[in-house]
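4 protein chains.
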Amino acid sequence: MLTSPSDPTVFQRRESEARSYCRGFDAVFAQAAGSELIDAEGNRYIDFLAGCSSLNYGHNDPDMKTALIEHISGDGIAHGLDLHTEVKARFLSAFETHILKPRNMDHRLMFTGPTGANAVEAAIKLARKVTGRTNVISFTNGFHGVTLGALAATGNSYHRGGAGIPLSGVARMPYDGYMGSKVDTADLLEKMLSDPSSGIDAPAAIIFETVQGEGGLNAASPEWVRKVAAIAKAHGALLIIDDVQAGCGRAGSFFSFEDFGVVPDIVTMAKSISGFGLPMALMLVRPEHDKFGPAEHNGTFRGNTHAFVTARISIEKFWADETFQDQLAQKERIILSGLAAISEMVPGARLKGRGLMRGVDVGSGDLAAAICARAFDNGLIIETSGPNDEVVKILAPLTTPDTVLRKGLNILMDAVRDTTTDMKFAAE
Amino acid sequence: MLTSPSDPTVFQRRESEARSYCRGFDAVFAQAAGSELIDAEGNRYIDFLAGCSSLNYGHNDPDMKTALIEHISGDGIAHGLDLHTEVKARFLSAFETHILKPRNMDHRLMFTGPTGANAVEAAIKLARKVTGRTNVISFTNGFHGVTLGALAATGNSYHRGGAGIPLSGVARMPYDGYMGSKVDTADLLEKMLSDPSSGIDAPAAIIFETVQGEGGLNAASPEWVRKVAAIAKAHGALLIIDDVQAGCGRAGSFFSFEDFGVVPDIVTMAKSISGFGLPMALMLVRPEHDKFGPAEHNGTFRGNTHAFVTARISIEKFWADETFQDQLAQKERIILSGLAAISEMVPGARLKGRGLMRGVDVGSGDLAAAICARAFDNGLIIETSGPNDEVVKILAPLTTPDTVLRKGLNILMDAVRDTTTDMKFAAE
Amino acid sequence: MLTSPSDPTVFQRRESEARSYCRGFDAVFAQAAGSELIDAEGNRYIDFLAGCSSLNYGHNDPDMKTALIEHISGDGIAHGLDLHTEVKARFLSAFETHILKPRNMDHRLMFTGPTGANAVEAAIKLARKVTGRTNVISFTNGFHGVTLGALAATGNSYHRGGAGIPLSGVARMPYDGYMGSKVDTADLLEKMLSDPSSGIDAPAAIIFETVQGEGGLNAASPEWVRKVAAIAKAHGALLIIDDVQAGCGRAGSFFSFEDFGVVPDIVTMAKSISGFGLPMALMLVRPEHDKFGPAEHNGTFRGNTHAFVTARISIEKFWADETFQDQLAQKERIILSGLAAISEMVPGARLKGRGLMRGVDVGSGDLAAAICARAFDNGLIIETSGPNDEVVKILAPLTTPDTVLRKGLNILMDAVRDTTTDMKFAAE
Amino acid sequence: MLTSPSDPTVFQRRESEARSYCRGFDAVFAQAAGSELIDAEGNRYIDFLAGCSSLNYGHNDPDMKTALIEHISGDGIAHGLDLHTEVKARFLSAFETHILKPRNMDHRLMFTGPTGANAVEAAIKLARKVTGRTNVISFTNGFHGVTLGALAATGNSYHRGGAGIPLSGVARMPYDGYMGSKVDTADLLEKMLSDPSSGIDAPAAIIFETVQGEGGLNAASPEWVRKVAAIAKAHGALLIIDDVQAGCGRAGSFFSFEDFGVVPDIVTMAKSISGFGLPMALMLVRPEHDKFGPAEHNGTFRGNTHAFVTARISIEKFWADETFQDQLAQKERIILSGLAAISEMVPGARLKGRGLMRGVDVGSGDLAAAICARAFDNGLIIETSGPNDEVVKILAPLTTPDTVLRKGLNILMDAVRDTTTDMKFAAE
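Protein chains in written order, with the UniProt record's numbering: chain A, 1 to 428; chain B, 1 to 428; chain C, 1 to 428; chain D, 1 to 428.
The following block holds chain A by itself, in its conformation from the complex (with noise of 0.2 Å):
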């Protein structure tokens, strides 16, 4: 059999231009092991974007990736459509016993295609169904993909105006802390619903996100959820949390709304939910509500029997103790310590996110990107996020040794010291 090359050449010329990360990240990478990626040269480079949040467990942890030879070996199924398989049901058994029931969770689980988009997709005509009404709202500097259904509900102009066509069935409503800190959003959106003259229909859901992993890490207060939670219920709407990037541990504990207070409706998570960054989304959902059909939303690939595997390990070792949970605070206080002597070397900068999904605000995309170009450089990968791309956003995998942790957080510090020095010389 003939091998085909490892040709650098050929991502210009035959990759589409709608290739996005490696153009700021110009290496061929071929080898990573938990916070660390490898490229081609042999370089190695400390991850702080994480897969955006689906490497919540770090790359290739051991345990998961010992499960899923193991199971590949002995010839487990690798496809098998939405069967019954053996994995699937240890998966499910495992998150029933460590997620939902010690969070008295009832919900069921539904796998849909593999991606957070079709797991929104599902959700929202989920809702539709069951409430008989088409209107969803959805909030200022949301993102929920870029499929068209999940896409109406997303914020961002550049992925809206790739739609071609206008987007509808969502109406938008302003974040918490849009309006500023002395207006309350979520009394707009009551005093919305509540007047028959609004023009903003009854909703079949309301969905948002917690923290916003792309609109700027903006982070809900778990008054302003309750708030919002408490308006769905009173109009008949279906309370959605989109869990996608926020969930897994990121924002410090397994769903990130579970100390609000509130139980969603119906909860949409992907990303790190395999545990291993393979491909799977699922959405859960309260059995009152599990209302579609057999295979009224379907699709090939929903249930990826090798994430599965991994999925269930993350599950067994991450979160059937205190024990991991315990450790991220201890992170979460490393990574606040680096961003506060980070935002005093820019004048005006402010810290956002919540958890472990961190970020400071730099004023400009053009800061923001300057300073992610030169940590690169000097070996740390990292992204940014807002509606101008003005924030520094650290997504380092929840299992990073506190020593990588710091060393990454310097080289962030570093950059950022480095580039305003730049710019303030440059500027006289």
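Don't take each hint at face value.
DMTMM-like cross-link-like pairs, simulated, lysine to aspartate or glutamate; straight-line CA separation at most 20 Å [stated by the list, open to error]: (1) C/Lys407 - C/Asp377; (2) B/Lys101 - B/Glu288; (3) C/Lys182 - B/Asp187; (4) B/Lys191 - C/Asp184; (5) C/Lys182 - B/Glu190.
None of these hints come from the bench; they were simulated from the model.
Knowing the structure of chain A, use the given hints to seat chains B, C and D on it.
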């Protein structure tokens, strides 16, 4: 570390009502190799479903398996967003060398979210962007996925109903043969597009499958495909061929259209493109239409790194020369011979399909379901297709050994005979 | 009190570019009576346009004129919202007695905003409300108005393009004869509605004109109309016949469909319903579908009181017995005879239409425009119709005396002869 | 010729359930003059509804009446499509001379179909065409008509629900004062339009009424109007002021916005523009945005010729000098004085409105309805407004003599007193 059990009661308790295939094939599957599945109790089943054509090369192909284990063992990248990776480069090279170049195709590859629906969403969005138009022409009985943009192009009313809102942006035309053999439906399309008062807006794209996998194995004639391609060109629309199910050899050649003398502007692929049943999808697009900006259509799991490993092997192993394709012709003859025998048992039965996506329309969904159920009792996994699920559809792995193929066909023949006999008795 | 002058330069200066008929008929009109218009310079024109069939009883019918002057002189209500008024009661009684009862129609009248488009909007909204469905079937070359809901049902691409957004909620089917004489397009409709995978959603309504006034005077056969009516009933859709242009005697009887053996669920009327050319529209609806709540569809000018006065006279004068309808048959013969002569002058010309909405397809919009322009030079106002404006269309007042009708036809014949002769010379 | 009777039972039998005002004002009206209506039994009613502001100059103004009778008697054109007519030229001249020039407005007039909704449809379509954008910003409690395009901009849920399909293309923002006096809602609009990730697409137009006639007589402040006008300009959106109800003197000047220092790109007018209550609507548009092609937005009744006659008189008689406008200020004082007295009778009552569209929010729709019903019993026609119909609204003809105005206010005061007294007794 704890180990969660494989308790089959968990499916009923915790998996959504949307689960589907598991209802018809009530076993818990544990292993699979080649054309066989094995359940937890050790029962073996011949697989004529093949993950709905996602397993064209069978389960756990040994070469792909070896390569994938080697990749994982060596801490190869598991998740790389759309960064450059060695394994992506190697896949691209293989695809360029063995697929595109021999067919004189200059297309670029865009790795969309790893589902067929996502590739279709990207294709439709891109066509709208490129043309500045919004209307898309799709056809009766077409199936293109169930996320909102793709669902608008899908014909199935059960799936369309799941949207919960009216679907828009797509005009529907009759597929080849829909109005019988005397009416060329391409003429109606041409007339409507040429008539400035027809009410069919100038289209951004014309999208169809050359064989309608879910819609009842309707196969378009080469003449019709060429005519529609010419109409698309004449009217400034992009031609999108959705090869998600019919591609990767299923129709007898790598692309379902490659012998028809048409070169689509966009081709969507998923299902068997990874070779191993792993979630992966891509869109081929001519360079002049490669107009998405960076990440304008995005998604965390675009570019499944594990899938690149197995996808490359599938290309190198099966498509580097003519051997495999030649074998397909022989298997097609075996299937046709079996189906001919079956169709003689059912009054009014009609053969459907092309290449190795073949079936028999038995005239009623109930009969088709009864046949499949009985086949399953005898160790054959096979499913139905068509507007009323009236077509018994064979989607065996393309690598199925002739003996296994014949064995499966024999089980199917017995199932048809027994079912029709039962029905006769019941009727008497 | 000042008196503003009639200064023709004001049109250019202050009237929008959207102005249209005035471009083709460049005169300033001052008076009109019967079938004649008189311009400010005293030139007289025979009117074969009749306000696009809004003046079926001619200009300033003396009986209506007398009644209207009497009403105004006596301080009769000019504007009464939808309050009860004596004149509305009298119109309703006349319509009930002379129109509905003799035709065994139990319909109720809803006075919509006084435009045909508004009646169509109301009809489509009501059908959606009654059925709980959203899809509407309309046909190639149909014209139903240009407000957004009606425009979606209209076929003309020039008008559709004016929407500035994609139009939705309507599926388009080929009208009777669209695919030639050998294909019954009603069969395609039936097949698509019966096929659960056709992609045509279950319709709220099927809407069409029995003669397509703007679309080229295509006349549906009684068989086709009956078949489509039966399909609507079988599939739970409301049958809407848009009689805005073909009604009020234009097609030879009061309703265009009354000899076809069908009773529409909804009929839309406007144009000549006031009798005098005043803005008025209404929707007839069967009592069981009369499901709007009070003012659910509303509009300040619903129920034009002046129009009720003249509309009542038009019913009493023309439709209380058979006399008028019998005269129409005679006028139809005169028109047909004239058109037959004309069609012989133009190679390939085809007669179009039914009743007293007749025309000749001269094969090209340029030729048709040239003919109309020359006719206007000779004192005849006549317009074109059809996808490419290729049909010279006669919409003379139904009350046109035979001598005037013949005089108009003679002018038209001369225009055709001269135009085609000129063209021949030009070509040589 | 037969004469049909005025039989009041016909309404119940033959008029649609959609009839509305006649339910609250259960009489059959026969005549009207000035500010009075007279029913068939000779009862006289003071009219504080004025055809929902369509009769700003009262019923059957003698000068308009004379001119109209003269026009009809002389066989003036009754229906002229959009042909040039003498009466149109004279209206245009009057409008140019007395309305546009003194206000330094260079707008052109487009005669749309003769309903306010049709003018709004045209305005929105044109804004979309001119800008190439699709999104329209409208506001809470706005009312712009009930045809599909206009209805999307309307806030009222009862009317929106009548659509039968989801309404799209409009984003909703809070109107001036909606969030209380401390929040400037224009700031929220500015922030959302400036934020590339807000989810509010770049707008084609911003449309609002300066006083919301149906929405509860909410009056925007001049500052807010100016701010929104500046925001529209800054963001490339057309400013559409819907002056259908507030225009023609209702707000105290010809245009409701003319003292605010803003010049809208588009103004929609209807209701009182004909002067006489006849159906007529128009759109004013700045020449640079006058971009419709000929008949791109059309309609048979665009340009009601009878209405041109009376509309011209209304301009010449009332707007050629300052006299009339000065009188309005005096009448406004009378109304305010009456409403102040009324509001003291109802605990918590709030005055609403501006100019001569004034009312009092009595806190509940039931109370407001009871007040109006009792007023009607005593010979006053008056209606409610607001999201819950909680505002008793005065829309008396602007020409109402002071004595009649006071008489009407006295009836209203008595009705309020009696109703609230009754309620107190009932509560005890």
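Check your understanding: Under the criterion that the straight-line Cα-Cα distance not exceed 20 Å, is the pair B/Lys101, B/Glu288 satisfied?
Key -> The hint holds at about 17 Å.
- Going straight from one Cα to the other, do C/Lys407 and C/Asp377 come out at no more than 20 Å? holds, 14 Å
* **Pairwise hint evaluation, B/Asp187 against C/Lys182, where the allowed Cα distance is 20 Å at most** => holds, 14 Å
* Asked: Hey, C/Lys182 versus B/Glu190, does the alpha-carbon distance stay inside 20 Å?
  -> holds, 18 Å
- Query: Is the hinted pair B/Lys191 and C/Asp184 satisfied, with a Cα-Cα distance of at most 20 Å?
  - Reply: Status holds; Cα separation ~16 Å.
Figure legend: structure checked against the earlier numbered hints; every hint is met.
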